[in-house]
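Chemist: Sequence:
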Amino acid sequence: MPSLDAPVLDDRFGFFEVAAWWMAELDRLLELNGLPAGTAVGPASALEGGGYLLRVSPTVAWIIAESGLRLAGQAGGVVVDLSSSRVRLRLRGAWPAIFPRLAPVDCTSLDPRFAATLIHTIPVIILKAGDGFDLYVVRSLAESLVDWLMEGAQV
Numbered sequence: 102m103p104s105l106d107a108p109v110l111d112d113r114f115g116f117f118e119v120a121a122w123w124m125a126e127l128d129r130l131l132e133l134n135g136l137p138a139g140t141a142v143g144p145a146s147a148l149e150g151g152g153y154l155l156r157v158s159p160t161v162a163w164i165i166a167e168s169g170l171r172l173a174g175q176a177g178g179v180v181v182d183l184s185s186s187r188v189r190l191r192l193r194g195a196w197p198a199i200f201p202r203l204a205p206v207d208c209t210s211l212d213p214r215f216a217a218t219l220i221h222t223i224p225v226i227i228l229k230a231g232d233g234f235d236l237y238v239v240r241s242l243a244e245s246l247v248d249w250l251m252e253g254a255q256v
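For what it's worth, the working numbering labels the leading residue of the sequence shown as 102, then goes sequentially.
Straight-line alpha carbon distances no greater than 20 angstroms define the calculated EDC-like cross-link-like pairs of lysine to aspartate or glutamate that follow: (1) K229 to E167; (2) K229 to D111; (3) K229 to D106; (4) K229 to D207; (5) K229 to D112; (6) K229 to D212.
Pairwise CB distance ranges, derived in the manner of DEER restraints: (7) V161 to S245: 24 to 30 angstroms; (8) S245 to S210: 25 to 31 angstroms; (9) Q255 to M124: 41 to 47 angstroms; (10) D182 to Q255: 34 to 40 angstroms; (11) G150 to D212: 16 to 22 angstroms; (12) D182 to G139: 19 to 25 angstroms.
Hints were generated in silico from the structure; no laboratory data involved.
From the three backbone atoms N, C-alpha and C, an ideal C-beta is built for every residue, glycine too.
My request is simple: use the sequences and hints to build the entire structure.
Modeler: Here you go:
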C-alpha cells in the first residue's frame with residue numbers, strides 16, 4: 102500500500118449559503134451576484150475565477166469561492182457567509198484510490214455532482230475536484246475526521 106500523507110486542511114475559501122422563499126427569487130438573487138441561475142439541483146457548477154455553485158434544493162444554493170467573493174442579499178432572499186464555520190480537506194495523491202471505500206456514497210457518480218453525507222457521524226460535503234476529492238466539514242470536527250480517515254485508510 103502506498104504511504105499516505107494526511108489530508109491537507111485549508112480554510113482559504115469562501116463558503117456562502119444563498120436562500121430564498123421561492124425558486125424564482127433564488128435565481129434572481131444568483132443573477133444579481135453574477136452567478137449562474139436556473140441550475141439544476143445536484144450538479145456542481147464551476148464558477149469563473151474558481152469555485153462552485155452547489156444547488157442543494159430548489160430554494161437553497163451553496164457557493165464555494167476561491168477568491169474574496171462579496172454577495173448581496175435582496176428582498177425575498179438572504180446570503181449568509183459560513184466561511185468561518187467550515188474547512189476543506191484536500192484528498193490527493195493516493196487518496197482517490199482509497200477514499201471511495203471509506204465514503205458512504207458512489208464516488209464514481211460525483212463528477213460533476215456533489216454529495217452531502219455523514220462519514221463516521223460527521224456531516225461532510227464531498228466534491229470531486231480535479232484528480233482527487235475535496236471534503237467540506239465543520240471546523241470543530243475536521244481533526245477528528247482526519248484521524249478517522251488516516252486510521253481507516255490503513256486497514
